[in-house]
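Can you build the whole structure from these sequences, using the hints too?
Residue strings, one per chain:
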Amino acid sequence: MLLVCCLLPAPAWAADDYYIGASRGADVLAAPQADAAVVGHLERLSEVRVLERQRAWWNIEAADVRGWVPAGAVRKRHQPGRAEKAGNSVLEGLSSLFHRDDPAGRKTAVLGVRGLDEETGAVRGRANVAAVEWMERLTVSDAEIARFIEQGRLNP
Amino acid sequence: MRSALLFLMLVCMFAGARGAVAFDFGRLGDALGLDPEVTQRISQGARVVSALIPISDEQERMLGRDVAARVIGRFGLEKNVRQTRYLNLVGRALAQRSDRPVLEYHFAILATDDVNAYSCPGGYIFVTRGALDMVRDESELAAVLAHEIAHVTERHIIKALQQSKLMQVGAEVASEAFREGGELFRQMSDFATDALFKGLKKTDEYASDRKALEYLERLGYDYPAMYRVLQELDARRRQGRTKVLARTHPSPRERRRHLKQAEPSLHLDAPTGIRLKARFVRNKKA
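Chains as they are written, first to last, in the numbering used here: chain A, 1 to 156; chain B, 1001 to 1286.
Because the hints were derived from the structure by calculation, they are not lab data.
Please note that a few of the clues may not be correct.
Which stretches of chain A does chain B cover? Using the computed rule of at least three CB atoms under 8 angstroms from a CB of chain B, they are [said to hold, decoys possible]: (1) 129-141; (2) 144-152.
Sample of chain A residues lacking proximity to chain B, with all beta carbon distances greater than 10 angstroms (derived) [as the list claims (entries may be wrong)]: (3) Ala-31; (4) His-41; (5) Glu-47; (6) Glu-61; (7) Ala-71; (8) Asn-155.
Virtual Cβ for every residue (Gly too), placed ideally from N, Cα, C.
So, in structure tokens, the structure goes:
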């Protein structure tokens, strides 16, 4: 039972919605990459404020440290006021590993191209699902392809 | 005891999904009063689950669609119906004879003068306006498309994804993530998008060049077109017009060298097949 309690997210009165959920806590790095300098360590259940998200790394601020942690180490707290049984909380907490709410409220359908740095020449952009749908509507039939091959005298 | 075990197994299902990183099974077992040996066995079981997991064609399509939306978000799409249809006729004719004809391939033009092409998982393939302006006949266009189709048929991005730490997850949870469009799905999409913009492995590029020759030849196109495209890319590179391509691909000169080495019996310097310049020019005027 002791352990079940420790698996629970921190109490609802906590100031921020996010906390470190990884069992061993998380090293805080100076930059969003695995080989960056370690600037601190946050224990499990430490409160964090999410400042920025870049691909698999989130820039966070805690009481006495600021830096980057793996996105998977951060969890969103349940909203206060939802009475739950301990068991449910645990499972929901675990499943939130995979279905974390986005702090900006964006859905998968509208995503920026993130994590692309200046070196690669790529910048953040919005996803354009409508244009993909346009692309998908523009189909050519097998008969048209066959005619196209025939007209070009390509191998039938 | 039984319910504790059941609970522990449930926890394993979720925790094992992330390569057991987040969980200390020993402590959990202790707290629940389980025999350490039982705990260990369950913990091992969870690790077995986190083996390489398959990605179905449909899952790949979903992922590719997400990546495609982001590629278009980055560059913009040229909604020229006639030219895009022409691109689809060439591309789909090639794809029909490819090693993976069952996918539904889509081709479109990105609104950028940079010379490049992108293939997202699942068969969403783009050429830039710059690339379209560079190629001189249909066989050269087909060469560019065949190279991109080869990335899809050889599943280069998907293989890289499967080998990444991201996919050290349980199959059940991974498929759940696909269905829900959850965090894991987003991370996979990030990974695939990054792979596109940062470049695949050099060996994947050489393999696609070689496969492209095969696809061109199957349809009767002039396969040395692949070689000519690489020559032209080399010229454009010197003019600084292939900045992104240069960052993400081995140099065209290296690619040509590899192609010749891999196919010593082929004559890549002289035309051997159908080039269809007139049809290309006619369709580009649209």
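Original post:
So which hints don't hold here, by number, going up?
Top reply: 7, 8
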